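Asks: Work the whole structure out from these sequences, hints included.
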Amino acid sequence: MDCEKFDRVLMDLLYDELDEVTRAAATRHSDQCRRCRELLVSHRATRESTSLPLTEPPDGFESRIMAAEARFRSHLPWPQRAARAVTILSGYAMRPQLAMAALLLLTIGSSLILLRPKPGSHGSVVVTESGVPQKEDSLIVPIEEPAVPQAAAAPAASEVAGAEPHRTTELPAPGRGDDLEQEKGETELDLTRSKAEDDAFNVAMASYRAGQLLTAQKQFDVLFHAGGKHSAQAELLAAQATEKALGCPEALARFDSVAAGTSQEYVNTALWHSANCRKQMGETKRAALDFEKLLQTPVYAEAAKRALNELEAVGEGGPVLAEARKNRAPVDPKSGSTSEHAGAGGSLGGKAASPVRPPRFESKTAARSAPAPSLERTPPKKAPPAAVKPAAPPPKAQ
Amino acid sequence: MARYQRGDRDAFANLVRRHKTKVYNFILRHLRNPSTSEDIAQEVFLRVVQKAGDFKHEARFTTWLYTIARNLCIDTQRKQSLRKHPSLDQPLGDDPEGRTLGSNIEDRHPSSSVERSFVSGQLAGYIMNALDTLPPDQREVFFLREIANLPFKEIAEVTATGENTVKSRMRYALERLQGALSEFEDYARELK
Chain X
1 MDCEKFDRVL
11 MDLLYDELDE
21 VTRAAATRHS
31 DQCRRCRELL
41 VSHRATREST
51 SLPLTEPPDG
61 FESRIMAAEA
71 RFRSHLPWPQ
81 RAARAVTILS
91 GYAMRPQLAM
101 AALLLLTIGS
111 SLILLRPKPG
121 SHGSVVVTES
131 GVPQKEDSLI
141 VPIEEPAVPQ
151 AAAAPAASEV
161 AGAEPHRTTE
171 LPAPGRGDDL
181 EQEKGETELD
191 LTRSKAEDDA
201 FNVAMASYRA
211 GQLLTAQKQF
221 DVLFHAGGKH
231 SAQAELLAAQ
241 ATEKALGCPE
251 ALARFDSVAA
261 GTSQEYVNTA
271 LWHSANCRKQ
281 MGETKRAALD
291 FEKLLQTPVY
301 AEAAKRALNE
311 LEAVGEGGPV
321 LAEARKNRAP
331 VDPKSGSTSE
341 HAGAGGSLGG
351 KAASPVRPPR
361 FESKTAARSA
371 PAPSLERTPP
381 KKAPPAAVKP
391 AAPPPKAQ
Chain C
1 MARYQRGDRD
11 AFANLVRRHK
21 TKVYNFILRH
31 LRNPSTSEDI
41 AQEVFLRVVQ
51 KAGDFKHEAR
61 FTTWLYTIAR
71 NLCIDTQRKQ
81 SLRKHPSLDQ
91 PLGDDPEGRT
101 LGSNIEDRHP
111 SSSVERSFVS
121 GQLAGYIMNA
131 LDTLPPDQRE
141 VFFLREIANL
151 PFKEIAEVTA
161 TGENTVKSRM
171 RYALERLQGA
181 LSEFEDYARE
191 LK
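Which chain is which? The protein sequence lines are X and C, in order.
Note that this note's numbering has the first sequence beginning at 1, numbered continuously upward.
Note that this note's numbering has the second sequence beginning at 1, numbered continuously upward.
These aren't lab readings, by the way, just hints derived from the structure by calculation.
Fair warning: this is a prediction, and the values are worked out from it, not measured in the lab.
A virtual CB, placed ideally from N, CA and C, is assigned to each residue, including glycine.
Any given hint might turn out to be false.
[To be verified] Label-pair distances were calculated between CB atoms; the ranges are:
#1 C:Asn164 - X:Gly109: 38 to 44 Å
#2 X:Gly109 - C:Ala11: 45 to 51 Å
#3 X:Ser111 - C:Asn164: 36 to 42 Å
#4 C:Ala11 - X:Arg8: 46 to 52 Å
#5 X:Arg8 - C:Glu58: 27 to 33 Å
#6 C:Pro136 - X:Glu62: 48 to 54 Å
[As the list claims (entries may be wrong)] Pulled from the structure, derived: some chain C residues nowhere near chain X, Cβ distances all over 12 Å:
#7 Arg29
#8 Gly53
#9 Ala59
#10 Phe61
#11 Thr63
#12 Leu72
#13 Asp75
#14 Thr76
#15 Gln80
#16 Leu131
#17 Pro135
#18 Arg169
Replies: In structure tokens:
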């Protein structure tokens with residue numbers, strides 16, 4: 001240490017505010033340096049000489065201060081008193097014990113809130129639902145049937161019992177664009193469409209059996225125009241419903257239309273009904289021709305033969321019947337059946353004209369509710385009654 | 001102070017008991033009037049009571065306490081600025097023969113020697129006169145150091161100056177007092 005540095009630390013050395021190292025260095029320097037030593041000694045002597053005696057404050061000084069303090073506390077306005085209380089409480093809050101206790105409580109509280117019971121460890125959960133469910137219009141869109149005219153499809157769909165106005169399916173999720181997914185979607189679409197057709201057919205059959213013939217007629221018409229798998233059958237059933245509801249004049253064109261079709265399964269049935277209608281309407285010539293055609297079919301041959309006999313018995317038929325008689329096979333006089341088709345039925349020249357019972361057909365779906373019903377034809381076993389009656393329960397015209 | 005902030009009045013009583021003498025003397029050296037000094041000293045402690053909630057323990061209590069005392073002294077001196085400073089020989093009361101400030105601050109425990117008592121009284125007068133001649137900033141530092149016994153760092157905080165400045169002021173004050181003492185030594189030598 002040199003004199004200049006000694007001068008800087010002189011006051012600290014004099015009032016003992018130096019650290020040990022600096023004080024030792026300063027002391028060593030003052031021991032070696034006369035000037036600095038004399039400086040230190042003179043200042044130390046001055047300090048000792050000028051130490052001022054302290055005067056005691058007057059008596060009662062402390063008590064007056066405490067009294068003033070008490071007055072101040074008693075006259076403290078409530079906001080300051082509240083602030084003082086807060087200060088006092090915050091002073092307690094700053095204690096480490098309280099801080100640790102608060103931290104512990106916070107940890108326990110957060111654990112109780114965040115910890116959940118394990119699955120199955122709690123009791124049964126009751127879920128209640130209120131309000132009206134809304135359709136997810138954004139996810140479900142109606143699918144239009146491409147083959148059905150919209151005007152015809154709409155009433156059909158609406159008349160199908162329980163059926164929705166539009167069949168719906170889920171939209172494919174974004175990103176599913178590969179072929180496999182597309183084929184899967186198309187398959188599901190076909191299944192959905194087939195199911196809807198079956199449902200519509202069952203509904204129409206239910207209407208038919210319930211005697212709601214006009215409704216059934218419309219529903220079958222819709223199915224026929226839709227061109228699905230039940231199209232041909234629906235056309236025939238629509239014609240039958242028309243016949244029962246409105247009579248032969250209205251139904252004849254429908255039967256003819258079916259008879260002109262390609263589905264042999266339904267052509268003969270339609271021809272049978274057409275012939276009977278013509279018979280009732282007095283068009284015996286055309287009726288006889290149709291019955292003649294039916295003689296070639298195993299199912300309707302016997303019934304057609306009896307119908308022709310009836311026409312002949314009442315003197316109708318004319319040259320057509322004569323021509324037909326030539327081509328007709330001989331009938332067994334006992335059984336009344338032809339040699340080709342032994343069975344129920346009278347001879348062409350029978351004793352009494354028995355009513356012709358039309359072939360009975362019934363949808364299998366009515367019995368087993370199968371999705372795709374088919375016609376079931378039942379050939380006449382006995383002599384049919386005079387009047388043409390359906391095998392189904394007698395429908396009532398609406 | 002922390003205990004008093006939590007509402008412990010005994011802690012405040014301890015604070016008053018511990019600091020009242022130094023605070024009172026610091027104010028008395030500044031104002032030179034015992035009555036005014038007593039009022040100001042009480043006001044200092046009352047300020048402590050009033051502002052106890054504001055004390056954040058960022059500084060030492062003594063620093064805060066002497067900052068209040070210094071500010072009150074400055075305010076009081078400013079109010080008394082037009083007044084003439086009382087002399088050490090000025091009577092403290094109405095009695096012209098009564099006690100003076102010089103006699104009030106002299107050594108209360110003089111030796112039995114009459115000569116020594118006389119010399120001590122004369123020395124105190126010399127010292128007080130020498131202190132009166134000090135510039136106010138040097139005198140202030142001297143009082144804070146010698147009466148309040150504050151370290152230089154705290155004095156710097158109380159006076160809002162640098163620590164080296166405080167040390168320089170203290171050194172100048174001591175050197176001035178040293179000159180006054182030299183004169184007194186010469187005077188005492190002449191007396192002998």
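Asks: With reference to the structure, classify each hint as holding or not holding.
Replies: Going through the hints against the structure:
In this structure the hint that C:Asn164 and X:Gly109 lie 38 to 44 Å apart at CB is violated, the actual value being about 54 Å. For the hinted restraint 45 to 51 Å between X:Gly109 and C:Ala11, the CB-CB distance of approximately 35 Å leaves it violated. The given range of 36 to 42 Å is broken by X:Ser111 and C:Asn164, whose C-beta atoms sit roughly 57 Å from each other. A hinted range of 46 to 52 Å is violated for the C-beta pair C:Ala11 and X:Arg8, which are about 40 Å apart.
Taking 27 to 33 Å as the suggested C-beta distance range, the pair X:Arg8 and C:Glu58 conforms, at roughly 28 Å. Take C:Pro136 and X:Glu62: their Cβ atoms lie about 30 Å apart, and the range 48 to 54 Å is violated. With a minimum CB-CB distance of about 7 Å to chain X, C:Arg29 fails to clear the 12 Å threshold, and the non-interface call is violated. Its closest Cβ contact with chain X, about 4 Å, brings C:Gly53 to no more than 12 Å, contrary to its assignment away from the interface.
For C:Ala59, the requirement that its beta carbon stay farther than 12 Å from each beta carbon of chain X is met, with the minimum near 17 Å. Here C:Phe61 stays apart from chain X, with its beta-carbon at least about 15 Å from theirs, past the 12 Å limit. Every Cβ of chain X is farther than 12 Å from the Cβ of C:Thr63; the closest lies at roughly 15 Å, confirming the non-interface assignment. Against chain X, the non-interface label of C:Leu72 holds: every CB pair exceeds 12 Å, the least being about 14 Å.
No beta-carbon of chain X comes within 12 Å of the beta-carbon of C:Asp75; the shortest separation is about 18 Å. The claim that C:Thr76 is not at the interface with chain X holds, since no C-beta of that chain comes within 12 Å of its own (minimum 17 Å). C:Gln80, annotated as away from the interface, keeps every beta carbon of chain X farther than 12 Å; the closest lies near 20 Å. Against chain X, the non-interface label of C:Leu131 is violated: not every CB pair exceeds 12 Å, the least being about 8 Å.
A cut-off of 12 Å between C-beta atoms confirms that C:Pro135 is not in contact with chain X; the least separation is 16 Å. A Cβ of chain X approaches the Cβ of C:Arg169 within 12 Å, the least distance being about 10 Å, so the stated non-interface status is violated.
Figure legend: structure checked against the earlier numbered hints; hints not met, in rising order: 1, 2, 3, 4, 6, 7, 8, 16 and 18.
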